[in-house]
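S.K.: Residue strings, one per chain:
2 protein chains.
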Amino acid sequence: VRIAELSRRSGTSIASIKFYLREGLLPAGAATGRNQADYGDAHLHRLRLIRALLDVGGLPVATAREVLAVVDTPDIASHFVLGAASTALYRTVRRDVGDPVWRAARAEIVELVDRRDWYLSPDSAGIDLAADAVAAFRALGQADMLAVLDTYAEAAETIAAIEVDLVIAKADPAGMVEGVITGTVIGEALFNALRRLAQQDASARRLVPPADLPPAGYTAEQNHPAGTTGSLTSG
Amino acid sequence: VRIAELSRRSGTSIASIKFYLREGLLPAGAATGRNQADYGDAHLHRLRLIRALLDVGGLPVATAREVLAVVDTPDIASHFVLGAASTALYRTVRRDVGDPVWRAARAEIVELVDRRDWYLSPDSAGIDLAADAVAAFRALGQADMLAVLDTYAEAAETIAAIEVDLVIAKADPAGMVEGVITGTVIGEALFNALRRLAQQDASARRLVPPADLPPAGYTAEQNHPAGTTGSLTSG
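If you're matching them up, the sequences are chains A and B in order. Heads up, the first sequence is in the numbering used here, so the first residue is 1234 and it goes up one at a time. Heads up, the second sequence is in the numbering used here, so the first residue is 1234 and it goes up one at a time.
Bound-form chain A, shown alone (with noise of 0.2 Å):
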């Protein structure tokens, strides 16, 4: 089809379309004359895979086309295909290793490691993310956060197991690998919307009196209109 019908068919503007061709995001279809190329159900699917990671997951472009290529590799079998599609998905954060916030920060994420068992290739770029948001705690006088390490942990190894219980059920390269990236990307947007979404109920269970609650449930929604779920001063 044409550049006009799969905008139609995507939702996604000629003008969207263009940038990602741009980028090199997504692949340029069949040459059919001057100015004219074809698109099939495979640039479809790709367009969709490109606004997930971009809209919904919040990839910056840059990012998003590192990943795409290992969508794209041919001999995915011979990679250890977890690692490889989400070693792309790290951000790089300036940091400065030598401060001394920092190196704590960095043993107190391997000391927990080391607690847990996990087997982690030595480069892990996640040791050092994790170093950095336990080092801006400190440098912020939040230390007292950090309390939420170990619930942490064990959070993530519930929800690591079932996901890679799920990828690897399906069993075909190809889709594994797509599986670990919408499954990292996509899940991560997931699970950071639920989690926000309990704090407020949690917010709500300690901070509004009970006589103030309203019945339980997105349903009741009715019953209160906005804003007046309760208020720290009533609290």
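To be clear, the hints were calculated from the coordinates, so they are not data collected in a lab. Don't take each hint at face value.
Note that the list lumps identical chains together, so a pair holds whenever it fits in one copy or between two copies.
Unchecked claim - The calculated SDA-like cross-link candidates involving lysine to any residue, where the alpha carbons are at most 20 Å apart (straight line), are:
hint : residue 1 : residue 2
1    : Lys1403   : Leu1254
2    : Lys1251   : Gln1269
3    : Lys1251   : Glu1390
4    : Lys1403   : Ser1240
5    : Lys1251   : Glu1238
6    : Lys1403   : Arg1328
7    : Lys1251   : Ser1240
8    : Lys1251   : Val1234
9    : Lys1403   : Ala1270
10   : Lys1403   : Ala1248
11   : Lys1403   : Leu1373
12   : Lys1251   : Ala1264
13   : Lys1403   : Leu1382
14   : Lys1403   : Asp1377
15   : Lys1403   : Ala1376
16   : Lys1251   : Arg1279
Take the given structure of chain A and dock chain B to it, following the hints.
M.R.: Here is chain B on its own, set in the frame of chain A:
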């Protein structure tokens, strides 16, 4: 202190500090003469917060500005603090609310919220964000990955309970707001990093033959060079 000293103490370049001043993230110092200003401990703390939000949390500058405005709101006690601070953190996504796939995804999240009896403000942006992710899984033919949904929700509850308890334990409203901000943004970065580490562990345990597994734990890294943790083909 002068800007050069602020730069040295915070490990942030003068160019970055000037950028934060220009973007309204960092308040101006006290003017001490033509083109000179004096910066204090509050500026140093604010700089750490800005870098945590941008570098560790990965927030866009515009979002960081909104979040910092919440921190600076003087009448925080009159807000439903946790809600106010975190509403600024929601990304806006291009979405087609008329799309039947998206509407079904949203219904699925509403059902989940009802099933778990969560108290939510009816305008919770988190519901739409979670629906975006569910719709993306379905559009990409990865609906099987949605088997994670209840595990995610339960883990989110466990995490949110301890996070909110820690914030409430701070008692003073200013500390609470900054605790919500850092707990949400830095905590998210920390959890996401641990989730990826746990995924590496889970995939090593499932895909690498037991005989090929190195000793668990990070300190075992000396025993095996990078990249030898295993490969899919050997599994």
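S.K.: The structure should be examined with respect to each hint, and the outcome stated for every one.
M.R.: For each hint, the structure was consulted:
When the C-alpha separation of Lys1403 and Leu1254 is checked against a cutoff of 20 Å, the pair qualifies neither within a copy, at 29 Å, nor between copies, at 50 Å. Taking the closest pair of Cα atoms, Lys1251 and Gln1269 come within 20 Å of each other only inside a single copy of the chain (12 Å); across copies the shortest separation is 48 Å, beyond that limit. With identical chains, the CA atoms of Lys1251 and Glu1390 are never at most 20 Å apart, being 41 Å at best within one copy and 42 Å at best between copies. In this assembly of identical chains, the alpha carbons of Lys1403 and Ser1240 never lie at most 20 Å apart, being 30 Å within a copy and 51 Å across copies at closest.
Taking the shortest alpha-carbon separations for Lys1251 and Glu1238, only the intra-copy value of 13 Å comes in at or below 20 Å, while the best inter-copy value is 47 Å. Proximity of Lys1403 and Arg1328 under a CA criterion of 20 Å is satisfied in neither setting, with 38 Å inside one chain copy and 28 Å between copies. In this assembly of identical chains, Lys1251 and Ser1240 lie within 20 Å of each other by CA distance solely inside one copy; the values are 10 Å within and 42 Å between copies. Taking the shortest Cα distances, Lys1251 and Val1234 sit within 20 Å of each other inside one copy (15 Å), while across copies they are farther apart (50 Å).
For the homomeric pair Lys1403 and Ala1270, neither the shortest alpha-carbon distance inside one copy (33 Å) nor that between copies (61 Å) is at most 20 Å. In this assembly of identical chains, the alpha carbons of Lys1403 and Ala1248 never lie at most 20 Å apart, being 35 Å within a copy and 49 Å across copies at closest. Taking the shortest alpha-carbon separations for Lys1403 and Leu1373, only the inter-copy value of 14 Å comes in at or below 20 Å, while the best intra-copy value is 43 Å. Taking the closest pair of Cα atoms, Lys1251 and Ala1264 come within 20 Å of each other only inside a single copy of the chain (15 Å); across copies the shortest separation is 49 Å, beyond that limit.
Taking the shortest alpha-carbon separations for Lys1403 and Leu1382, only the inter-copy value of 18 Å comes in at or below 20 Å, while the best intra-copy value is 32 Å. In this assembly of identical chains, the alpha carbons of Lys1403 and Asp1377 lie at most 20 Å apart only when taken from different copies (9 Å versus 41 Å within one copy). With identical chains, the CA atoms of Lys1403 and Ala1376 are at most 20 Å apart between copies only, with a shortest distance of 12 Å across copies and 41 Å within one. Taking the shortest alpha-carbon separations for Lys1251 and Arg1279, only the intra-copy value of 14 Å comes in at or below 20 Å, while the best inter-copy value is 41 Å.
Hints 1, 3, 4, 6, 9 and 10, counting from the list given before, are not met by this structure.
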